[in-house]
Every structure is written in structure tokens, then in C-alpha cells.
Amino acid sequence: MTNSNVPLIELVGLTKSYGEGAAEFQALNGVDLRIDEGDFAAIMGPSGSGKSTVMNILGCLDTPTNGAYLFRGVHVETMTGRQRTLLRRYFLGFVFQGFNLLSRTSALENVELPLLYRGVPKQERRKAALEALAQVGLTGWEKHTPAELSGGQQQRVAIARALVTKPSILLADEPTGNLDTKRGREIMELLTALNRDLGITVLMVTHDHDLAGYAHRIIRFVDGVVEPDGAAAEKRS
Amino acid sequence: MIWNTILLALQAIRRNLMRSFLTILGIVIGVAAVIAMVTVGNGATQAISNQISSLGSNLLMLFPKMEFHGGSGSTARQFEISDVEAIQTQISSLKAVAPIVSSSATVVFGANNWSTSVTGSTNDYFTASNWKFASGRTFTDSELRSGKSVCVIGDRIRRELFAGKDPIGSSLRVKGFAAEVVGVLKSKGQGGMGRDQDDTVIMPIRTVQRRISGSQKINMVMLSVKDGVLSDDVVSQVKLLMREQRRITPDKEDDFEVMDTKEITQTLSGTTKTLTGLLGAVAAVSLLVGGIGIMNIMLVSVTERTREIGIRLAIGALENEVLLQFMVEAVTLASVGGLVGITVATVVSMILTKVMGVPYAFNLGINLLSFFFSAVIGILFGFMPARRAAKLKPIDALRHE
Numbered sequence: 000m001t002n003s004n005v006p007l008i009e010l011v012g013l014t015k016s017y018g019e020g021a022a023e024f025q026a027l028n029g030v031d032l033r034i035d036e037g038d039f040a041a042i043m044g045p046s047g048s049g050k051s052t053v054m055n056i057l058g059c060l061d062t063p064t065n066g067a068y069l070f071r072g073v074h075v076e077t078m079t080g081r082q083r084t085l086l087r088r089y090f091l092g093f094v095f096q097g098f099n100l101l102s103r104t105s106a107l108e109n110v111e112l113p114l115l116y117r118g119v120p121k122q123e124r125r126k127a128a129l130e131a132l133a134q135v136g137l138t139g140w141e142k143h144t145p146a147e148l149s150g151g152q153q154q155r156v157a158i159a160r161a162l163v164t165k166p167s168i169l170l171a172d173e174p175t176g177n178l179d180t181k182r183g184r185e186i187m188e189l190l191t192a193l194n195r196d197l198g199i200t201v202l203m204v205t206h207d208h209d210l211a212g213y214a215h216r217i218i219r220f221v222d223g224v225v226e227p228d229g230a231a232a233e234k235r236s
Numbered sequence: 000m001i002w003n004t005i006l007l008a009l010q011a012i013r014r015n016l017m018r019s020f021l022t023i024l025g026i027v028i029g030v031a032a033v034i035a036m037v038t039v040g041n042g043a044t045q046a047i048s049n050q051i052s053s054l055g056s057n058l059l060m061l062f063p064k065m066e067f068h069g070g071s072g073s074t075a076r077q078f079e080i081s082d083v084e085a086i087q088t089q090i091s092s093l094k095a096v097a098p099i100v101s102s103s104a105t106v107v108f109g110a111n112n113w114s115t116s117v118t119g120s121t122n123d124y125f126t127a128s129n130w131k132f133a134s135g136r137t138f139t140d141s142e143l144r145s146g147k148s149v150c151v152i153g154d155r156i157r158r159e160l161f162a163g164k165d166p167i168g169s170s171l172r173v174k175g176f177a178a179e180v181v182g183v184l185k186s187k188g189q190g191g192m193g194r195d196q197d198d199t200v201i202m203p204i205r206t207v208q209r210r211i212s213g214s215q216k217i218n219m220v221m222l223s224v225k226d227g228v229l230s231d232d233v234v235s236q237v238k239l240l241m242r243e244q245r246r247i248t249p250d251k252e253d254d255f256e257v258m259d260t261k262e263i264t265q266t267l268s269g270t271t272k273t274l275t276g277l278l279g280a281v282a283a284v285s286l287l288v289g290g291i292g293i294m295n296i297m298l299v300s301v302t303e304r305t306r307e308i309g310i311r312l313a314i315g316a317l318e319n320e321v322l323l324q325f326m327v328e329a330v331t332l333a334s335v336g337g338l339v340g341i342t343v344a345t346v347v348s349m350i351l352t353k354v355m356g357v358p359y360a361f362n363l364g365i366n367l368l369s370f371f372f373s374a375v376i377g378i379l380f381g382f383m384p385a386r387r388a389a390k391l392k393p394i395d396a397l398r399h400e
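Top to bottom, those sequences are chains X and R. So for the first sequence, numbering that gives the first Met the number 0 puts the first residue at 0; every next one is plus one. So for the second sequence, numbering that gives the first Met the number 0 puts the first residue at 0; every next one is plus one.
Careful: at least some of the hints might be erroneous.
Claimed, not checked - For the chain R half of the interface with chain X, some residues (derived, Cβ under 10 Å), not all of them:
1. L7
2. K131
3. E303
4. E307
5. I394
As the list claims (entries may be wrong) - The following label-pair restraints were derived from C-beta to C-beta distances:
6. N4(X) <-> V375(R): 53 to 63 Å
7. Y17(X) <-> L379(R): 46 to 56 Å
8. P227(X) <-> N319(R): 43 to 53 Å
9. G72(X) <-> V339(R): 51 to 61 Å
10. S102(X) <-> R386(R): 19 to 29 Å
Treat the hints as calculated values from the structure; they're not laboratory data. Given the structure is predicted, the values throughout are model-derived calculations rather than measurements. All C-beta atoms in this analysis are idealised placements derived from N, C-alpha and C, irrespective of residue type, glycine included.
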């Protein structure tokens, strides 16, 4: 959207290993990946292929072992923890498989929370949160706590929480993993609409071929690397 | 930003009312127990030292020794007036020598009567026992010499019999004779070993000997040692003199006893110190139990709170903001608990000291100490797990099981 030459996200030879010595496990073996502004991409691959690991690194929830992660051309892998937090706060929205809402806290307060950390004044915060909840179709459910909402509704609250800051990219790690097919489709339609109508870049991980079909581009992971033919994305209309 | 963080902390307290309540309860119990126990212990110590100082300073008491004759009762060889005169003339380091004849009688004034103790003595008795006069005077020499029917009354007698009227110049009926009230003593308050020291009538010794006890014998002698004189030396002088006076041969033991009130003072204050120490130890245990309660609640909620911290970090909270929130939370709970604890302790110690009849004194030191101790426990166990969690990578905090 801003500069077509600089991708929104670029990963170069990214590796990640857990443990040490004999117990060392290589989760990522040199991932090269490029996501442009406005993309709607789905990462697919078998369990243990490194899909979630790469998402967590992209979301600045985890750090890579080696390689480069560039966000709009800026190196993220060398940032301090504080800088990564600020990147999360101002540019990234993350949706988890397990929702991760604050318990005993109303939907509205959950959605307001990221704005609170941004220092947005109370009135503005409320207005933006109500708007985000309306976008995910939860008008009328603002006062409900997660325990009073269905799984699909909880995930909508989580998406509203990720949207409310108007992030540059929405990272969704198996957002439909804990939902049945019908609710899963509703969430996918919601993500599609957000990408189409608001121009938000969406990167998601999924197991489900049908759901991946909503994306414009499919990236396949195998054994901690991106499969070459998957990288040559087929564009759908 | 700080305001927002405080807001978040208060929200967290409100959302977890049960946890907050239990944490506060732990602190309240710990703080209240320590403060109440120490305050009551101090009150008891204070009461005992008040009693000791009202007894008179540097006082020796000369008693006859009781001799028991298996089953057929006991006898005690009383003192003669000549013994008292010998002490007065031969021992120079004494401020006052008061021979005492004790008795009890029912005293009557108008329609009121009251059963009390009657003490026969000289003016030295007022010096030795530290009595001050509220009104009136001591006995005159002629009253003492002739054994006139006059008396000095304690504050309790004034309250029981005269009810607001001035007793000076009135006559009490004691055992069928009339005694004119010449003086009223200042109150000493609740006295030693549960007896009211103000419940007393004092008369010249001869009056009591002649009209009440009907004998020339003296029950005991109070000796007040001059300031700066070692009471141990005086005790041995008195013992030597009494053996001589009472013609006790070297192969016999003393048939009298000299008691030094300084020793009583030391024994009693030692006892109360032990008592306060014991109460303090019990209280410290309650504080510890309260502390463990807080610890328990905090640790149980660590998993939930670690995930909460993970969520907050993931949506863009800085480590410091999360820590500040938890710090504010812990400080708020600890302070509320501490303040409630101090309030409860104050009420409880006021009631307890009143019931026990000991003075109440607000002890700032122990209030501050227990408040800060529980605050530290609350903050430590509320804050430390949070600190550990906030240091984790967000993804690890979120995965915490």
C-alpha cells in the first residue's frame, strides 16, 4: 500500500531451535518468506512443520535463533524486548487458537485492553471497542464475559481485540482450530471481509484445506522450511 | 499511563473478589493477632509495675515466721513495741519505721455500712506505703500517744459511705466506738493481687491495740530504706538486731522474716517479661500462619495469573506496566488488610484490656512493625510470581500450565 518495493514482512533464512546438545530440536530450518501489504495468506503443513513457530516469531511472541526478520525493511531480530513489545502494540494483531481472553472480564473490556496500553482516552477507547465488536457481529454481547460466550463468539471477541488497534497485519494461529465447521466458516468469512473491505493484511495458519481456500495464497510448510512450489503462490480471484 | 495501570490493578481486584478477600483476611488475622497480643501483654506488664510502684519504694517488711505444728495449727511469735523502738534507735539508714496491727471491721456511717480492713500504725506508715492525702491531715503526736479514736480513710471508704459529702470531721462507728475522720487518702487505684488498696481505714496503733485487737502485740513492721543505701546491708542489720531482741540462740533459726520488695519487683517484672515474650511468640505464629495463607492463595493463582500476564504482554503491554499493575494490586490488598487489621486489633485490645482491668496504651511500634511485615509478605508473594512471569517470553507465559 505504501511502498510496493518493500514487503510488509520478509523472512530470510530464519531458523529456530529448542533445547541444547543431544536434546536440540530444529523447528525452523531456514525459512524464506515474503508477505506484501494487503495479502491474505494461509500457512498449511503437517504437525511439527514449524507453522506455529513461525507465527509466534512473526508476532514477536518468540525470538528466532538465526536469520533475519524484516518488518517494513526494519530488522526485528536485533530489537530489544521493549522495542518488540512496541512493535506488537502498534503494528501487530494476534489471534490465538485458544482465544486467550481475560477471564471474568467483559467482551468490551477485553477489546479495550490494547487501546488502554496505547494510552487512548476512555471515550475514544469505548467508541473504538464498540465499533470493533460491531465489525465482528457481536453488538449486544458487550457486557458478557468469556464464560458466557460460545467458542465462536469468544474467537470473534479475540479478533475484535486484534482489530481494534487497526494493525498492519492480523496474525491468526489456527483461529478455527477449537471451533466446529460452521463456526469455522463464519470466522473465515469474517477474516475475508476484513481483508477485502478494510484492506487488513491477514496471515493465518490452518489444517483445513477448505478453510485455506478462502486465502488468496497458500504457503506450505514441511520440516521447518517453506515448500518451493507453495512459495509460487497461485492467485485466486 | 500510571493512572491506567492503577485502574487495571483495581479491576483485577474487583474481578477476583474471593481471592482478594482471602488475601486481605490473611493479612487482617496476622496483623490483628500480633497487635492485640502485644498490647494486652504490655498492659499487663504496665499494671504490675504500677502496683509495685504504689507499694512504696525501697521497702522492707518484717514478718513473724509461721511455725506449723503438724495438724494442730500454727503459731507465730509477734513483735513487741520494744522491738520497733530498738530498730528506730539502732538502725540509722531507715527513713520510716511503721509498726502495723492489722484487723478487719465493719464501719458504719449513717445508714451505710462497709466491711473493710483496719490498720493501726504511726505516721511513718503513710511515708513507707507512699500514701498521699486528698484532704485532711496525719495523726498528731498526742493522738498517737493517747490512742485517740481518730482515723484516716481510703478513697473507697469515702465513696462507699460518704457519697460526695466531705468526710472530714464526721464520725465513723467501728466496733461500737466512734472514730473521727481526720484525713482522706488519694486513690491508688486497683491494687496488688486483686485487692483494692483504697479499701482501708488507718488508725493510731494504740487505738487498734486497745479497742479492736485487745493486745499489745504488733503483726508486722514496714521499714523504708533511705535512698542510696543498699537494702541488702539493712536486711542483715535488721536480722541481727531482731535475733538479739528476741533472744534467739545461735543454734536456732530465725523466727521472723525480712522481705525486700525489690526482690518481688524483680521477680514480677521477670514474670511479665516472660509472659509478654510468650504472647509475642503466639502472635508471631499467627502472623506466620496469615503469611502462609497469603502465600498459598497467591501461588494457587500463579497459573491463571501467568496466562493473564502472557495475554497482556501479547497484546502490547510492557513488562514494567504489567509489574506495576501487580505491584499496585499487592500493595492495595496488603494496605487494606493492614489497616483493617489495625482497626480490629485496636477494638479487640480495648475490650480485652477493659475486661482484664489493665491499662490500654496504643503501641505505635508494634502497629507499624506488624503492618509492614504483612505488607512485605503480601507484596513479596503477590509480586514475585508476577515478576517471574513477566520476564518470560509472551509465548511461554501463555503456554504456562
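Going down the list of hints, with the structure as the test:
Look at L7(R): its Cβ gets to within about 7 Å of chain X, closer than 10 Å, so that hint holds up. Given hint, K131(R) at the interface with chain X, is violated; its Cβ is 68 Å from that chain's nearest Cβ, farther than 10 Å. A hinted interface residue such as E303(R) counts as satisfied when its beta carbon comes closer than 10 Å to some beta carbon of chain X; here the least separation is about 7 Å, so the hint holds. Checking E307(R) against chain X by beta carbon gives a least distance of about 6 Å; that is within 10 Å, so the hint holds.
With its C-beta approaching chain X no nearer than about 4 Å, I394(R) sits inside the 10 Å limit, and its interface hint holds. Under the hint 53 to 63 Å, the C-beta atoms of N4(X) and V375(R), about 58 Å apart, fit the expected range. As the Cβ distance of Y17(X) to L379(R) is approximately 32 Å, the hint placing it in 46 to 56 Å is violated. At roughly 44 Å, the beta-carbon separation of P227(X) and N319(R) lies within the given 43 to 53 Å, and the hint holds.
Look at G72(X) against V339(R): about 57 Å separates their beta carbons, and that is inside 51 to 61 Å. In this structure the supplied range 19 to 29 Å holds for S102(X) paired with R386(R), their Cβ-Cβ distance being about 22 Å.
Checked against the numbered hints given earlier, the structure breaks hints 2, 7 and satisfies all the rest.
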